[in-house]
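Peer 1: Residue strings, one per chain:
Number of protein chains: 2
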Amino acid sequence: MADQRVVIVGAGFGGLACARKLDGAPVQVLLLDRHNYHLFTPLLYQVATGLLNPSDIAYPLRAIFRRSRNVRFRQATVDGVDLGRRVVRLTDGAELPFDYLVLATGSVDNYFGNEAVARVSIGLKALADATRMRNHVLTCLERADAETEPEARRALLTFVVVGGGPTGVECSGALAELMDIVAGKDYHQVSRDEIRIILVEGADRLLNAFSPHLGHYAQRILTRRGVDIRTRALVKAADARSVTLADGTRIDCETIIWSAGVRPNDEVVDASLARFRNHRVTVDAWLRVPGATGVYAIGDVASPKLGDQGELPMLSPPAMQGGRYVAQTIVDAVRGLQRERSPFHYLDKGTMATVGRNAGVTHLPGGLEFTGFIGWLTWLFVHIYYLIGFRNRISALGSWAWDYVRHDRPIRIILATGNDGAE
Amino acid sequence: MADQRVVIVGAGFGGLACARKLDGAPVQVLLLDRHNYHLFTPLLYQVATGLLNPSDIAYPLRAIFRRSRNVRFRQATVDGVDLGRRVVRLTDGAELPFDYLVLATGSVDNYFGNEAVARVSIGLKALADATRMRNHVLTCLERADAETEPEARRALLTFVVVGGGPTGVECSGALAELMDIVAGKDYHQVSRDEIRIILVEGADRLLNAFSPHLGHYAQRILTRRGVDIRTRALVKAADARSVTLADGTRIDCETIIWSAGVRPNDEVVDASLARFRNHRVTVDAWLRVPGATGVYAIGDVASPKLGDQGELPMLSPPAMQGGRYVAQTIVDAVRGLQRERSPFHYLDKGTMATVGRNAGVTHLPGGLEFTGFIGWLTWLFVHIYYLIGFRNRISALGSWAWDYVRHDRPIRIILATGNDGAE
Numbered sequence: 001m002a003d004q005r006v007v008i009v010g011a012g013f014g015g016l017a018c019a020r021k022l023d024g025a026p027v028q029v030l031l032l033d034r035h036n037y038h039l040f041t042p043l044l045y046q047v048a049t050g051l052l053n054p055s056d057i058a059y060p061l062r063a064i065f066r067r068s069r070n071v072r073f074r075q076a077t078v079d080g081v082d083l084g085r086r087v088v089r090l091t092d093g094a095e096l097p098f099d100y101l102v103l104a105t106g107s108v109d110n111y112f113g114n115e116a117v118a119r120v121s122i123g124l125k126a127l128a129d130a131t132r133m134r135n136h137v138l139t140c141l142e143r144a145d146a147e148t149e150p151e152a153r154r155a156l157l158t159f160v161v162v163g164g165g166p167t168g169v170e171c172s173g174a175l176a177e178l179m180d181i182v183a184g185k186d187y188h189q190v191s192r193d194e195i196r197i198i199l200v201e202g203a204d205r206l207l208n209a210f211s212p213h214l215g216h217y218a219q220r221i222l223t224r225r226g227v228d229i230r231t232r233a234l235v236k237a238a239d240a241r242s243v244t245l246a247d248g249t250r251i252d253c254e255t256i257i258w259s260a261g262v263r264p265n266d267e268v269v270d271a272s273l274a275r276f277r278n279h280r281v282t283v284d285a286w287l288r289v290p291g292a293t294g295v296y297a298i299g300d301v302a303s304p305k306l307g308d309q310g311e312l313p314m315l316s317p318p319a320m321q322g323g324r325y326v327a328q329t330i331v332d333a334v335r336g337l338q339r340e341r342s343p344f345h346y347l348d349k350g351t352m353a354t355v356g357r358n359a360g361v362t363h364l365p366g367g368l369e370f371t372g373f374i375g376w377l378t379w380l381f382v383h384i385y386y387l388i389g390f391r392n393r394i395s396a397l398g399s400w401a402w403d404y405v406r407h408d409r410p411i412r413i414i415l416a417t418g419n420d421g422a423e
Numbered sequence: 001m002a003d004q005r006v007v008i009v010g011a012g013f014g015g016l017a018c019a020r021k022l023d024g025a026p027v028q029v030l031l032l033d034r035h036n037y038h039l040f041t042p043l044l045y046q047v048a049t050g051l052l053n054p055s056d057i058a059y060p061l062r063a064i065f066r067r068s069r070n071v072r073f074r075q076a077t078v079d080g081v082d083l084g085r086r087v088v089r090l091t092d093g094a095e096l097p098f099d100y101l102v103l104a105t106g107s108v109d110n111y112f113g114n115e116a117v118a119r120v121s122i123g124l125k126a127l128a129d130a131t132r133m134r135n136h137v138l139t140c141l142e143r144a145d146a147e148t149e150p151e152a153r154r155a156l157l158t159f160v161v162v163g164g165g166p167t168g169v170e171c172s173g174a175l176a177e178l179m180d181i182v183a184g185k186d187y188h189q190v191s192r193d194e195i196r197i198i199l200v201e202g203a204d205r206l207l208n209a210f211s212p213h214l215g216h217y218a219q220r221i222l223t224r225r226g227v228d229i230r231t232r233a234l235v236k237a238a239d240a241r242s243v244t245l246a247d248g249t250r251i252d253c254e255t256i257i258w259s260a261g262v263r264p265n266d267e268v269v270d271a272s273l274a275r276f277r278n279h280r281v282t283v284d285a286w287l288r289v290p291g292a293t294g295v296y297a298i299g300d301v302a303s304p305k306l307g308d309q310g311e312l313p314m315l316s317p318p319a320m321q322g323g324r325y326v327a328q329t330i331v332d333a334v335r336g337l338q339r340e341r342s343p344f345h346y347l348d349k350g351t352m353a354t355v356g357r358n359a360g361v362t363h364l365p366g367g368l369e370f371t372g373f374i375g376w377l378t379w380l381f382v383h384i385y386y387l388i389g390f391r392n393r394i395s396a397l398g399s400w401a402w403d404y405v406r407h408d409r410p411i412r413i414i415l416a417t418g419n420d421g422a423e
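As they're listed, the protein sequences go chains Z and E. Going by the working numbering, the first residue of the first sequence is number 1, and it counts up by one from there. Going by the working numbering, the first residue of the second sequence is number 1, and it counts up by one from there.
Keep in mind that the hints were calculated from the coordinates and are not lab data. For every residue, glycine included, the Cβ atom is placed at its ideal position computed from N, Cα and C. Take these hints with a grain of salt, some might be off.
Calculated Cβ distances over 10 Å to all of chain Z for the following chain E residues [stated by the list, open to error]: (1) Q4; (2) Y37; (3) R67; (4) I374.
Below, in silico cross-link-like pairs of lysine-lysine (DSS-like), each with a Cα-Cα straight-line distance of 27 Å or less [unchecked claim]: (5) E:K185 / E:K21; (6) E:K349 / Z:K21; (7) Z:K185 / E:K349.
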């Protein structure tokens, strides 16, 4: 009997964890992704602010499964999933039949329907976003260095970061550090005092998912490092030269970085499926898509009905745990085990963010919290640990050491790619 | 009295050497380039074949002159030079007056007027060329892995390198190494035997600028490593799926890498200037543009009339030496020194190329030649030495050590940039 076919759509944290867990199992696994690499999204802002290379956080998927007997990767864009005929349709017309299907398509930036804001904002979800932000920020500095008109300079030198969660906090901290390095030095005609980094958050404090203590700590550190924090502020409108807040405040700026939320990337999923709040696909407590045998959805795209835990956060840990859980379910099924599995339970191992040099916040499930140097060191080692590949770990660690000792974010190149590959 | 203004157009090897030599001199220097980095072009093929990161060979120009009192950089595209009004015109309309002007605009790929070939070929002159080649080659492998039609597979897996000089030799050697790494491993459906790397050279041997001994050595090594070498072969035509040689041979291929020659990038120079063979601007033995006081041209864009040396090769050493020579001329002039300088003399320090692991060729001026491991080691250390920046040297050395020990070209990512900066 031929091995059963498992198709995994998406090679983010969830899809990759699922594929790795199925490596060596008696199934044929096909992992699909639009890109040929797994992306370590939590460090995108470090690429965007000139510290890391794209290749440090993007690991080629085929390299991960080089020696695998049963896991294959294919770079492909999925056009849709036909749950009735049990095939995955690719945009090139190919149809891939499956016995088991794992939907792990992740999430995209959520602009809450505001197309005008989406058009002029830079997100931080894809690798191209990070290089785009690096190119854009450096180009603004280049232009400001040669610009004499005060109003134009002001817009070029104002960087608005929307969203005070971990991404927004980390990104504005790293931007402040980059500006300390280049203002008046690389760009002799730009003084540090002219540069404004404005962090806009809708709630009354930063890091809402953390305790008030940690949120206030982050706010204090960022303020000290020159970030202008506007809480209880919502973005209403934006164009290429400005952003307007809900209270009518208009900020002249040519840069808007968007980290105010994500929504499930569910384009490929059958439209008839039930949706949870925020458009996540409804799955049962075993991460099964109701009414479709052998079909699972994990990570940001799905939300399980868990009795005790409520909705799971759209973060990498639930995605990875869900991926491994589903892999085990599939292995049990193909091995003919009849045992009823216990429902998926998400084990919260804590959350963390870095505000910049020597300043991190870490929240552990027992209520234990770290700030400052210890919080930063914890953040550092956890991120090194989860990066894929020995070489990438060494490279990232080397870059952080370089920055720590030299106060330098060296990759300040404006790089166009003559691309004829993806996207 | 205000300092005199020196404008340098182009921050390649010649322009950068000139600007560095003028650092600290009693002149105001403005260095212009389309990109915000100096590019170490000899290693572009290492980026294209997945060993180095773009940032390893691209050094931000502003970082070089951070602490300079008198050298400033501006990223700008020059529209033209008006020698009569003594201004440099930028595409954004700005006009930059000069007292001294150094034209160092370098060279571009020479397709000898064959527009059809230019359209489908990938050059190796700009950083975007290297990322484009990496994206393209990896995309061909991705597509071949899923392709079942034999003719389509053949075109996808045939890589034609045109030009058997150092760039073509190094590039085909590195491509062969990359294919050894990925065929049958990353790409399980692609066998190494299916992949053809064809090196096309018009002359009767490789490395024409070197001795026949070194050329034949390179040919022997490349052949042993699986490169199919066609000497006395010229490219007549090409389209997206094939290349046709002058003798009528048609090769099915989706990849053509062009390293068959360069021509001066002289778009910005006044059209009325005298040209030498191959369109290089004629300058006198002091690198002065005739009839234009204080205007110099160096490097690939210009060819001096040197009594004893003939035409200078379009390589980095004459550009760097020319840049420093002109800088000294300008310093003498502003200091009011009346001494007549001796004409520019190019000191040939030797040429070298690597054919791959443990195999290099080095030619020294006295007639001394190295091949094999010693030739390779010489190549390695000279290239590390000329790379700019401590961090870039460490990073490149680390990457070479990684490849040497692990047989790995790890940066196998297909990376689109969401670019809104240059180009």
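Peer 1: Are any of the numbered hints broken by this structure? If so, which, sorted upward?
Peer 2: 2, 3, 5, 6 and 7
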